[in-house]
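Enquirer: Take a look at the letters that make up each chain.
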Amino acid sequence: MLELRAITAGYDRRTPVVRDVSLSVEPGEAVGLLGPSGCGKSTLARVAALLHRPDSGTVLLDGEPVHRWRHRAPRAHRTAFGVVFQQPRLSVDPRLRLTDLMAEPLRATGRRNEIPDRVAELATAVGLTPDLLTRRPHEVSDGQLQRACLARALVLRPRWLICDEITAMLDASTSAALVAAVEDYRAETGAGLLAVGHDHALLNRWCGRLVRWDDLGPAA
Amino acid sequence: MAETAVEPRWRSYGTRRRSTRTVRVRTSVALVAVTVLAVLLVPPLIQLDQQAVDLALKLQPPSWAHPFGTDDVGRDLLLRCVYGLRVSLFVGVVAALTATVIGTAVGATAGALGGWFDRGVMRLVDTFSSVPHLLLGIFIVALFRPGVWPVVVSVGLTHWLSTARIVRAEVLSLRSRPYIDAAVSGGASRWRVAVRHLLPAVLPQAALAAVLMVPHAMWHESALSFLGLGLPSHMASLGNLIQTARGSLLAGQWWPTLFPGLFLVVPTLAIAGLAGAWRERINPRRRSELML
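If you read the protein sequences in the order shown, they are chains L and A.
The opening residue of the first sequence carries number 1 in my numbering; numbering runs sequentially from there.
The opening residue of the second sequence carries number 1 in my numbering; numbering runs sequentially from there.
Same shape as in the complex, but just chain L:
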């Protein structure tokens, strides 16, 4: 269970982007968070993934409150989340080949021996052909790069997936393929999903429960 309670967060304490927002995701549940551009969805997603310390409020992970964020968070907590961002170009290190990109979390957590199998398996799952894997980010399209980003997020088998507008930059068929890959993974592992977006039709089809940003505030 992932629970966000009365979260206030932002980049300047005087003008928080997210004010007093509460949200919870059950294991295996797919929650779609729908909101207009610039409302603070992405900030909330970063808080949920333990990447941004909220100014106030509590994040509960399986009932345990989280006190530490980013590097200070225990590695097991951080890697429990697979995060996919909106802009694939900005969310990859431009120097790494696609294979290294996908294998990076395995290297960082000292599981090098799993790299060949896991990368091959995930490349198939997200629909990347072997010739793409040796390329660098500038040599592939946004869609192909986003597939690699999804693979990177799945490589450590996270219990929660945070997808922040992952299809915003992509065409319909790539979007469908990515959503299908996420759903395959969830069917296999029972991971929870928090999908953030502004596309009502997509999130409605994708997620079991749809939450509107306006309903999250203290009034709700």
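All the given hints hold, so there is nothing to weed out.
Here are the in silico distance ranges between beta carbons for each label pair:
1) 117(A) to 12(L): 20 to 26 Å
2) 68(L) to 30(A): 54 to 60 Å
3) 26(A) to 10(L): 52 to 58 Å
4) 207(A) to 212(L): 48 to 54 Å
5) 15(L) to 30(A): 54 to 60 Å
6) 207(A) to 67(L): 39 to 45 Å
7) 29(A) to 198(L): 50 to 56 Å
8) 29(A) to 141(L): 34 to 40 Å
9) 89(L) to 227(A): 51 to 57 Å
10) 141(L) to 30(A): 41 to 47 Å
Don't read these hints as lab results, they were simulated from the structure.
In this text, all values refer to a predicted model and were calculated from it rather than measured experimentally.
From the three backbone atoms N, C-alpha and C, an ideal C-beta is built for every residue, glycine too.
Dock chain A against the given chain L, drawing on the hints supplied.
Expert: Relative to chain L, chain A alone:
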């Protein structure tokens, strides 16, 4: 018709621009190559003693036997200049490398850790920057006996500040990119983020700063030696050569000052030109400045 008239003009403008740039780059490359070759090959290949004193031939103007003339104790100035350049270039390169390594380490650590550590380190950098480099350099040199290494240490320890600033700014801008978030979420430690993602990204900037630092460090070495604080005076360095030549300049003997001066100016301009071209490649937006 109008189109055909306009297009060639555009083209010729483009090629002229590009060709001037390559001429500049080629000249710089050639000069740097000649300098490095001269400095590396002349001492082992030409078995002449740069210290050989011949008082009968003192202060001879340039001639075929001595193309640069001789100094006040009859030593061949061309040979002295090459040896001097050797020492100055060595000091310049080692000091620039030292400064860059210190600057990159400090800047990257401050930028990556942030918080009070960053603030403290940057205030320290500001404090050091407020003291003129040369003054601080003189202070450090004065602590040791004259020699090459005190000069290297002095220049190295006073010149990492700007590199630290550049690297820190770069790291700060990189730190907020989503790919760092992704690395954190993927379980990467601080160290791993720094070494795997941040350092490779700032390396081109740091290397450029190092190259730009070489001529700067050479000038500092010359300045210290000119003030009589740097290298021991028997050692041919460009600063020493210019310093000892001061007296003869007033007596109308121009060659002991001019040639070491040219040996200082030309290689430093060549290195700066090369670094400028490189900077244009990695950062085309800042085309106009040429930092020395």
